[in-house]
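Visitor: Sequence:
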Amino acid sequence: MKLHEAATAPNCRRVRIFLAEKGIEVPVVPVDLGKAENRGEPFRQKNPMGRVPVLELDDGTFIAESVAICRYFEQLQPDPALMGGSDPEEAARIEMWQRRMELEIALPIMQVFRNTHPYFADRIDQYADYGEGQRSHATKRLEWLDRELADREFVAGDEYSIADITAQIGIDFGRVTKFKVTEETPNLLRWHQAVSARPSAKA
Numbered sequence: 001m002k003l004h005e006a007a008t009a010p011n012c013r014r015v016r017i018f019l020a021e022k023g024i025e026v027p028v029v030p031v032d033l034g035k036a037e038n039r040g041e042p043f044r045q046k047n048p049m050g051r052v053p054v055l056e057l058d059d060g061t062f063i064a065e066s067v068a069i070c071r072y073f074e075q076l077q078p079d080p081a082l083m084g085g086s087d088p089e090e091a092a093r094i095e096m097w098q099r100r101m102e103l104e105i106a107l108p109i110m111q112v113f114r115n116t117h118p119y120f121a122d123r124i125d126q127y128a129d130y131g132e133g134q135r136s137h138a139t140k141r142l143e144w145l146d147r148e149l150a151d152r153e154f155v156a157g158d159e160y161s162i163a164d165i166t167a168q169i170g171i172d173f174g175r176v177t178k179f180k181v182t183e184e185t186p187n188l189l190r191w192h193q194a195v196s197a198r199p200s201a202k203a
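This note's numbering applies: residue 1 is where the sequence shown begins, and numbers increase by one.
Every clue listed holds true.
Under the rule of at most 25 Å between Cα atoms (straight-line distance), these lysine-lysine pairs were calculated in the DSS-like manner:
no., residue 1, residue 2
1, K2, K46
2, K140, K180
3, K180, K202
4, K22, K202
5, K202, K178
6, K35, K46
7, K140, K178
8, K2, K35
9, K2, K22
10, K202, K2
Calculated from the structure, these hints are not laboratory results.
Starting from the given sequences, assemble the full structure and let the hints guide the process.
Guide: Here it is, written out as structure tokens:
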């Protein structure tokens, strides 16, 4: 088993944090995004979408999409449960919040980068107005998340979960485009300091 990934990609970091929380080590195969290695035919045979991360199993099976990879390891090693375990209500609640963090926090922040940062200038068609619109949307959703965190320790409840990981990797990636958690959102700041202090945050 090995993980094809890039150190700077937020979705790769999501898998690394997830694995660190479970204490699982998987050999890593670096993918050079700067040299567009992920767009080459050898990599596209592993994932036709040309995206990292990709988990390669010992039998030659390839699993792409970071949450799918996390789901694989959750089934392989259920403890500690990061996706709700065997409790249907808890699993559904965590998935609900994981999806909200994906769509309302991480994705808009990533779209700011894709549409406004020079890194993508010669790689994709950029739409600066859309990127700035996503910046405004993400800022409002961070304020919304601050209000949600007023009465609980973690995103999906009292226990740390993949929903926290998704929010964390999105917010941390936002530093590239000048997103920053400040005292203006005290509940979000308290949460961010707590998850950033976990050993897995260094993954």
